[in-house]
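Enquirer: Under my numbering, think of the first position of the sequence shown as 17, with each following residue one higher.
Be aware that one or more of the hints could be misleading.
Claimed, not checked - Simulated restraints, written as ranges between beta carbons of each label pair:
hint, residue 1, residue 2, range
1, F186, M151, 42 to 52 Å
2, Y187, L140, 14 to 24 Å
3, K120, V146, 13 to 23 Å
4, V146, K122, 32 to 42 Å
5, Y183, V42, 44 to 54 Å
6, F52, S147, 30 to 40 Å
7, F186, R69, 39 to 49 Å
8, L163, S21, 21 to 31 Å
9, E149, S21, 43 to 53 Å
10, Y183, Y143, 32 to 42 Å
11, L159, N20, 21 to 31 Å
12, I154, Y183, 35 to 45 Å
Everything labelled a hint here was simulated from the structure, so no lab data went into it. The C-beta atom is built at its ideal place from N, Cα and C for all residues, glycine as well.
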Amino acid sequence: MPSNSSRTKRIAIGTIFGTLIFIFKVFIPTPYDKMFVGFEALLLALGSLIIRRMGATNVGAVGGLLMTYGRVEYAPFSLIFAVMYGALIDGLFLALRVRMSHRKVKTGGVIISLALSTTIVGLLSTYTIVSLELMPMIPFLYLIILLVGIANGAAAGYITSFLWTRYLAFYIQE
């Protein structure tokens, strides 16, 4: 059972990461913010590794909750898809057994987890927003956004693995 100090640090990290996601996303208009998900994916993945249990989900919930105030017109969807994104990352990290030990992660597993999570959430959010006619249907634009988003997710997976193995794992206590 983690100590209160450890628990407080994990809550603080989740809040800081979620707030950073909000600050980054609020300045990029929709739907282009879906193309540049690398920063968000990186913070969600690090949240999952640092906070451990439901870490990415917690970070996503904080970011999504803040986005409901930042983009009122997409209020319920911002929260739903942010939590879904975090939960998918947490679930895929668990299913692919990404964390091999305290200091090592499977780089391929991290990359696949983030690319797959990005793809699923990107497709579902685009479909939902377009079907509800909150945005016009522009197939070529959404294809480009999806492809660049997947590439961003995969790159974030590699960067996450590198940062964790090279720098962060040594400073995060179990």
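Enquirer: Now tell me if each hint is right for this structure.
Expert: For each hint, the structure was consulted:
{"no.": "1", "hint": "F186 x M151: 42 to 52 Å", "result": "holds, 44 Å"}
{"no.": "2", "hint": "Y187 x L140: 14 to 24 Å", "result": "violated, 35 Å"}
{"no.": "3", "hint": "K120 x V146: 13 to 23 Å", "result": "violated, 41 Å"}
{"no.": "4", "hint": "V146 x K122: 32 to 42 Å", "result": "holds, 35 Å"}
{"no.": "5", "hint": "Y183 x V42: 44 to 54 Å", "result": "violated, 28 Å"}
{"no.": "6", "hint": "F52 x S147: 30 to 40 Å", "result": "violated, 23 Å"}
{"no.": "7", "hint": "F186 x R69: 39 to 49 Å", "result": "violated, 21 Å"}
{"no.": "8", "hint": "L163 x S21: 21 to 31 Å", "result": "violated, 44 Å"}
{"no.": "9", "hint": "E149 x S21: 43 to 53 Å", "result": "holds, 49 Å"}
{"no.": "10", "hint": "Y183 x Y143: 32 to 42 Å", "result": "holds, 38 Å"}
{"no.": "11", "hint": "L159 x N20: 21 to 31 Å", "result": "violated, 49 Å"}
{"no.": "12", "hint": "I154 x Y183: 35 to 45 Å", "result": "holds, 40 Å"}
When held up to the earlier numbered hints, the structure conflicts with 2, 3, 5, 6, 7, 8, 11 and fits the remainder.
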